[in-house]
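Taken in sequence, the protein lines are chains A and B. Per this note's numbering, residue 1 is the first one in the first sequence, and the count goes up by one each step. Per this note's numbering, residue 1 is the first one in the second sequence, and the count goes up by one each step.
One should not assume that every hint holds.
Said to hold, decoys possible - Below, computed lysine-lysine pairings styled on DSS-like, alpha-carbon distance capped at 25 Å:
id, chain 1, residue 1, chain 2, residue 2
1, A, K18, B, K9
2, B, K72, A, K240
3, A, K274, A, K2
4, A, K240, A, K218
5, A, K334, A, K367
6, A, K18, A, K240
7, A, K140, A, K167
8, A, K115, A, K140
9, A, K2, B, K9
10, A, K167, A, K274
11, A, K334, B, K9
12, A, K2, B, K72
It is worth saying that the hints were derived from the structure and are not from the lab.
Listed below are the residues making up each chain.
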Amino acid sequence: VKFLDEYRNANAVRSVIKTIEQTVTRPWTLMEICGGQTHSIIRYGLDQLLPNDIALIHGPGCPVCVTPIEVIDRALLLASRDDVILASYGDMLRVPGSAVCHQNSTLPRDLFDVKSRGGDVRSVYSPLDAVALAREHPNKTVVFFAIGFETTAPANGMAVLQAAREKLDNFCVLASHVTVPPAICAMMESPDCRINGFLAAGHVCAIMGVSEYHALAKRYQIPIVVTGFEPLDLVYGILKCVQQLETGQYCVENAYRRTVNDAGNVTAQDVIQKVFEVCDRNWRGIGFIPNSGYRLSDNYAPFDAERRFADVMPDITEDTHICCSGAVLQGQIKPDDCPAFGNPCTPLTPLGATMVSSEGACAAYYKYGRVTA
Amino acid sequence: MMCLGIPGKLEKVEHLPNGQHMGDVSFGGVMRRVCLDLVPDVVVGQYVLVHVGFALSCLDAAEAEETLALLKEMEAVFEGEDGP
Chain A
1 VKFLDEYRNA NAVRSVIKTI EQTVTRPWTL MEICGGQTHS IIRYGLDQLL
51 PNDIALIHGP GCPVCVTPIE VIDRALLLAS RDDVILASYG DMLRVPGSAV
101 CHQNSTLPRD LFDVKSRGGD VRSVYSPLDA VALAREHPNK TVVFFAIGFE
151 TTAPANGMAV LQAAREKLDN FCVLASHVTV PPAICAMMES PDCRINGFLA
201 AGHVCAIMGV SEYHALAKRY QIPIVVTGFE PLDLVYGILK CVQQLETGQY
251 CVENAYRRTV NDAGNVTAQD VIQKVFEVCD RNWRGIGFIP NSGYRLSDNY
301 APFDAERRFA DVMPDITEDT HICCSGAVLQ GQIKPDDCPA FGNPCTPLTP
351 LGATMVSSEG ACAAYYKYGR VTA
Chain B
1 MMCLGIPGKL EKVEHLPNGQ HMGDVSFGGV MRRVCLDLVP DVVVGQYVLV
51 HVGFALSCLD AAEAEETLAL LKEMEAVFEG EDGP
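Next comes chain A alone, as it looks inside the complex (with noise of 0.2 Å):
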């Protein structure tokens, strides 16, 4: 396939790698922001090709993995209802509420479970597949659990945008969006802080272009460098990391060209500018961040699930406490240094978010056999 099978050439991909070694002179630490490039490079066992002085510490790039317990309980709650389809991606329904923490919760443990009990969940690829089940079903409330990046929020938006095109007005969604760059300023700030460099995730910014990240770079004083997903994307991306470690540079470097341009995409700006406002997020394992995520707009408000539920919304509850997958989205611990990890944890059974999602670091290390001794 034209534009994938030259990226994953395995001679390609060694030289690359052989640039890297006779670039570094030091360690340096990288941080791969989006859980689909972790994937990969675990995949492709990337990591272990590199020369020992680079190490790859696994970002927070995974919405599945960060979005909050008590968004997951409202999701919970509300499919649990006769009124009301809940349409969601797939990777969510396995992905425990707080029931997982309280042995007497009556909450549902996940999506799936509300589905077993009766409750009309569906899978979706698509959020027009959402708006489609609005149009086929005009006596339920179809609520849509929208999460995503910002590579996915357009999208979503689109489906707002349809909907209300349509007057389709027994749609909604559960909007749980989050934005890349408060969360580098957040892992830059924290004291615990090990990162050298950035692979900024290559989808996201193939929507928002490349211009909010300079000043990032420059007050971090941290090289970013765009980054795509597939293995010699990604050498490449870390070749350009290190080459400007290596000379004392920072700045915001585009290794991904044939898919970002440097204005991104203007029409998705637009979307996500018409049916979304920025507000504050608390991040599932990481916390609150402020300005970090987007929820629909006021004028949109009548497609709001959290408005058109307030009355039965759960509050913030507690995680529980012996999964870390805080650490592991924070590049602090590698997931197999979780004391759960594989035992009772498992993609089946999984305590946190990051053992759930294809691009959880959890299910990635156990699904590739990854332990580290």
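Model the placement of chain B on the given structure of chain A, informed by the hints.
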């Protein structure tokens, strides 16, 4: 699946009565219906990056060639040093 996007070739464009701009995209021969509303300037034959049923970006073939040429040079440096 969340932030993953896969490249595919736009084969056909259609404007639906509900105002949507849809297209058939081929992923190595497997066809999928994709919403094109976020890439209004796309034309048949272009490669697009698809995420949750939406085309998000048109792939730039010239930029791709340039990067690959650069990487080829890197490969040439090491050619013959040791086998693959």
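Hints, verified against the model:
1. A:K18 x B:K9: 33 Å, violated
2. B:K72 x A:K240: 16 Å, holds
3. A:K274 x A:K2: With a Cα-Cα distance of about 35 Å, the restraint between A:K274 and A:K2 is violated, given a limit of 25 Å.
4. A:K240 x A:K218: The given pair, whose Cα atoms are some 17 Å apart, holds under the 25 Å limit.
5. A:K334 x A:K367: 15 Å, holds
6. A:K18 x A:K240: Holds, at roughly 13 Å.
7. A:K140 x A:K167: The hint holds at about 15 Å.
8. A:K115 x A:K140: 16 Å, holds
9. A:K2 x B:K9: Measuring from Cα to Cα gives roughly 9 Å; hence the hint holds.
10. A:K167 x A:K274: 17 Å, holds
11. A:K334 x B:K9: 38 Å, violated
12. A:K2 x B:K72: Given pair A:K2, B:K72 holds - Cα atoms ~17 Å apart, limit 25 Å.
Taken one by one, the earlier hints fail for this structure at numbers 1, 3, 11, listed in ascending order.
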